[in-house]
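J.: Each chain is listed here by its residues.
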Amino acid sequence: MRTMLTTTALVALASTTGLAQAQQVVNVYNWSDYIAEETLEQFTAETGITVNYDVYDSNDTLEARMLGGSSGFDVVVPTGNYLQRQIAAGIYQPLNRELLPNWSNLDEHLMGLASSFDEGNEHAVVYMWGTTGIGYNTAAVAERLGEDYVVDSWSLVFDPEIASQLADCGIAFLDDHTEILPAALRYLGLDPLSTDEADLEQAVAMLDTIRPSLRYFHSSQYISDLANGEICVAVGWSGDVLQAAARAEEAGTGVEVAYVIPKEGANLWFDMMAIPADAPNPEAAHAFINFMMDAHVAAANTNYVAYPNAVAASNEFIDEEVLNDPTIYPPAETQANFWTLRPHDSRTDRLITRLWTRVRTGQ
Amino acid sequence: MSPDPQSQGAPKPRRYKPLTMLAAGLAGLAGALFVGWLALPPGLQAALFLIIAPAFVYFLISRRMGWSDRWMVIAIPLLWFFVFFLVPFFVLGRISLAETMIARPPYSPLWETDRDGNLEIIASLENYRFILGDALYLNAYLSSIKVAFISTIFALLLGYPIAYYIARSPEPRRSILLLLVILPFWTSFLLRVYAWIGFLRREGVINNVLMWLGVIDEPLVMMQTDFAVYIGIVYTYLPFMILPLYANLVKLDDALLEAASDLGARPSVTFLTVTLPLSMPGIIAGSMLVFIPAIGEYVIPALLGGPDTLMIGRTLWDEFFSARDWPVASAVAIVMLFLVVAPTMWLQSVQNRQEERD
Numbered sequence: 001m002r003t004m005l006t007t008t009a010l011v012a013l014a015s016t017t018g019l020a021q022a023q024q025v026v027n028v029y030n031w032s033d034y035i036a037e038e039t040l041e042q043f044t045a046e047t048g049i050t051v052n053y054d055v056y057d058s059n060d061t062l063e064a065r066m067l068g069g070s071s072g073f074d075v076v077v078p079t080g081n082y083l084q085r086q087i088a089a090g091i092y093q094p095l096n097r098e099l100l101p102n103w104s105n106l107d108e109h110l111m112g113l114a115s116s117f118d119e120g121n122e123h124a125v126v127y128m129w130g131t132t133g134i135g136y137n138t139a140a141v142a143e144r145l146g147e148d149y150v151v152d153s154w155s156l157v158f159d160p161e162i163a164s165q166l167a168d169c170g171i172a173f174l175d176d177h178t179e180i181l182p183a184a185l186r187y188l189g190l191d192p193l194s195t196d197e198a199d200l201e202q203a204v205a206m207l208d209t210i211r212p213s214l215r216y217f218h219s220s221q222y223i224s225d226l227a228n229g230e231i232c233v234a235v236g237w238s239g240d241v242l243q244a245a246a247r248a249e250e251a252g253t254g255v256e257v258a259y260v261i262p263k264e265g266a267n268l269w270f271d272m273m274a275i276p277a278d279a280p281n282p283e284a285a286h287a288f289i290n291f292m293m294d295a296h297v298a299a300a301n302t303n304y305v306a307y308p309n310a311v312a313a314s315n316e317f318i319d320e321e322v323l324n325d326p327t328i329y330p331p332a333e334t335q336a337n338f339w340t341l342r343p344h345d346s347r348t349d350r351l352i353t354r355l356w357t358r359v360r361t362g363q
Numbered sequence: 001m002s003p004d005p006q007s008q009g010a011p012k013p014r015r016y017k018p019l020t021m022l023a024a025g026l027a028g029l030a031g032a033l034f035v036g037w038l039a040l041p042p043g044l045q046a047a048l049f050l051i052i053a054p055a056f057v058y059f060l061i062s063r064r065m066g067w068s069d070r071w072m073v074i075a076i077p078l079l080w081f082f083v084f085f086l087v088p089f090f091v092l093g094r095i096s097l098a099e100t101m102i103a104r105p106p107y108s109p110l111w112e113t114d115r116d117g118n119l120e121i122i123a124s125l126e127n128y129r130f131i132l133g134d135a136l137y138l139n140a141y142l143s144s145i146k147v148a149f150i151s152t153i154f155a156l157l158l159g160y161p162i163a164y165y166i167a168r169s170p171e172p173r174r175s176i177l178l179l180l181v182i183l184p185f186w187t188s189f190l191l192r193v194y195a196w197i198g199f200l201r202r203e204g205v206i207n208n209v210l211m212w213l214g215v216i217d218e219p220l221v222m223m224q225t226d227f228a229v230y231i232g233i234v235y236t237y238l239p240f241m242i243l244p245l246y247a248n249l250v251k252l253d254d255a256l257l258e259a260a261s262d263l264g265a266r267p268s269v270t271f272l273t274v275t276l277p278l279s280m281p282g283i284i285a286g287s288m289l290v291f292i293p294a295i296g297e298y299v300i301p302a303l304l305g306g307p308d309t310l311m312i313g314r315t316l317w318d319e320f321f322s323a324r325d326w327p328v329a330s331a332v333a334i335v336m337l338f339l340v341v342a343p344t345m346w347l348q349s350v351q352n353r354q355e356e357r358d
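Protein sequence lines correspond, in order, to chains G and L.
Using the working numbering, you'd call the opening residue of the first sequence number 1 and step up by one each time.
Using the working numbering, you'd call the opening residue of the second sequence number 1 and step up by one each time.
The shape of chain G in the complex, shown without the other chains:
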């Protein structure tokens, strides 16, 4: 009897594995809140490929898993400066353009900018791009700083006097030194890309003075916290803040959230889809990336996440209000002050990480 049971169990097990093999799967690891609600269903309906979708909110988390190897993911979406050194470490496979017929939809100018991270665009396609600026609760900030106060500068969060007035309603920073330290350097009139220890110490000393006014460092929680009024200021990614604004509006709680690209300048970044060298389903991965480059799909994603994509053909399907929003598609004069990040060597990395720990923990 027992033998029979075991045999049945084994047969059942074998047949499920067989089934899994017949059904194509793609394992996608993407940023949180970064895709339209219906996109994955559409993809499965169109291609018959099931999507296992998992999310992260930090490039470091992604990198730790990618460098660990055998992550099991087929498509990942690192930011340019991280992608660059990960390509150097040999963890991505070159894309097969023949499997990506939608490549012709791409915006050549943007792909040209992104090629500074990935020479010849061999390994990655821009998924979305955006800026890192300040999101704020308009009423709460006006109440504390006066109706006439114009939010247009990093001083909102980097000036200790101003920040301390906002401390009680909550200031959140991205838990990401590649975002905060360059902005702090620029605010102090230094090179945002500086790796000079004295410059960085100066930025950290400035951040130490505003630290008591900060509520927390986190890279995704601020979306819902801004939307429901738990915090009133967040240094965050453009689309995430705009999603918070949309959620606040939907909820009808009277919270109004705005996004500003500070006049001193901001980080311009590209999140890029790439296929790990050891991806278990590279063909399905190509199919997925190709699907994301479809004009309608890319437009739906941009409409939903409020980040611009790099699919030029999608522009005609993007909502007017999104396309004409200067905080989403910044005009040329704003772009003049943008900077793009470069990867650091290990030594600088350790120095910066240590300084960042000091900023976060006060240790």
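In short, the hints are calculated from the structure, not lab data.
Note that the Cβ used here is the ideal one computed from N, Cα and C, for glycine as well.
Among the clues, some could well be false.
Stated by the list, open to error - Facing chain G, from chain L, some residues (calculated, C-beta under 7 Å): (1) R94; (2) T100; (3) L136; (4) R201; (5) A302; (6) G306; (7) P307; (8) F321; (9) S322; (10) R324.
To be verified - These stretches of chain G come out as covered by chain L in the derived footprint (C-beta under 8 Å, 3 or more residues): (11) 52 to 61; (12) 82 to 88; (13) 215 to 223; (14) 226 to 240.
Place chain L on chain G using the hints.
T.: Below, chain L alone, put in the same frame as chain G:
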């Protein structure tokens, strides 16, 4: 044939057949392991095979040679210890001697052969020097001990009366109360911590109720504070305090309490001189079960704590994921292991001495 126990005068405890039970247990374990085995990547399968096969061969030989059965009983925990503790420990130890680099895997090899074929060892203790030279890690460890210690005290103060009450309750009620203590375990730990966010946040339940009652005008800031972390830890680990205390208190002999009261002791004196000393093993066991996991706690400070909440578990996570510095992270983990094992061993020895005295 063993004689029927009923036929003898005094009822004797039934003698279990250890081999039958062991065989049944092994069969169940083997079934579960086999299913898990299929899910493992091939490399790990091979590694596990290399460990399990010799153990199995050894087991067969020992049976043939008629070696003691006792070996088999400890073989499983030993194997467990080996696969899930010693192997990872050595892997960590090896990484902690390397240097970080952007590669896969993200650390340098321990030895290299140069052109002449000479083996060059490049292991270094630099990472240990780094973490010992930086006050951050010591502070994180001390602060973790502080948080764990205070949480344990509060869990004990809350848990003792609850355990006492449950242990003194008449039977049907006692089972229900015990069930209520265990019930929260049926939902995810993460969900329960998230639920606290709903209570503690600015627009949360507590602030709303207090505002409605007119106790406060402005919402209290409770999230992202140490207070929230203490709440989270005490809440999460309270059952681990209650259960061993209950197990101890329920065995308390009523005759001792009656004797104390017959001899004129007031209830408070009885408690302090009889109940409390007798429940010491339960207090120690419960405290250990709260204190040790609380030291390494990561999830609760990450979800409820603020930037000031410095705990070693979080520092470790940061080192691993934010700094992507596996070698330093491994060194921190190994140092932390020793620092957590030390108090455990100490508590264990205290308990052993206690039991010997009893």
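J.: Tell me if the interface restraint on R201 (chain L) is satisfied: Cβ within less than 7 Å of some Cβ in chain G.
T.: 6 Å, holds
J.: Does A302 (chain L) pass the interface hint, meaning its C-beta sits closer than 7 Å to a C-beta of chain G?
T.: 9 Å, violated
J.: Under the criterion of a CB-CB separation shorter than 7 Å, is T100 (chain L) in contact with chain G as hinted?
T.: 6 Å, holds
J.: Mind checking the CB of G306 (chain L) against every CB in chain G and telling me if the closest is under 7 Å?
T.: Holds: closest Cβ of chain G sits about 6 Å from G306 (chain L), inside 7 Å.
J.: Just to be careful: measuring from the Cβ of R324 (chain L) to every Cβ in chain G, is the smallest value less than 7 Å?
T.: Holds - the Cβ of R324 (chain L) comes within 7 Å of chain G, reaching about 5 Å at its closest.
J.: Taking a Cβ-to-Cβ distance below 8 Å as contact, does the region 215 to 223 of chain G have at least three residues touching chain L?
T.: Held - the region 215 to 223 of chain G has 3 residues with a Cβ nearer than 8 Å to chain L, which meets the minimum of three.
J.: Three residues or more, CB to CB closer than 8 Å: is that satisfied between the region 226 to 240 of chain G and chain L?
T.: The restraint on the region 226 to 240 of chain G holds, since 3 of its residues have a Cβ under 8 Å from chain L and three suffice.
J.: Confirm or reject the coverage of the region 52 to 61 of chain G by chain L under the rule of 3 or more residues with a beta carbon closer than 8 Å to the chain's beta carbons.
T.: holds (count 3)
J.: Does S322 (chain L) hold up as a contact with chain G if the rule is Cβ-Cβ below 7 Å?
T.: 5 Å, holds
J.: With 7 Å as the cut and Cβ atoms as the points, is F321 (chain L) at the interface with chain G?
T.: Constraint on F321 (chain L) satisfied, holds at 5 Å.
J.: Less than 7 Å between beta-carbons is the criterion; does P307 (chain L) satisfy it with respect to chain G?
T.: 5 Å, holds
J.: Holds or violated: L136 (chain L) as interface residue toward chain G, Cβ cutoff 7 Å?
T.: At about 5 Å, which falls below the 7 Å cut-off, the nearest Cβ of chain G leaves the hint on L136 (chain L) intact, so it holds.
In summary, the structure is inconsistent with hints 1, 5 from the numbered list given earlier, while agreeing with the others.
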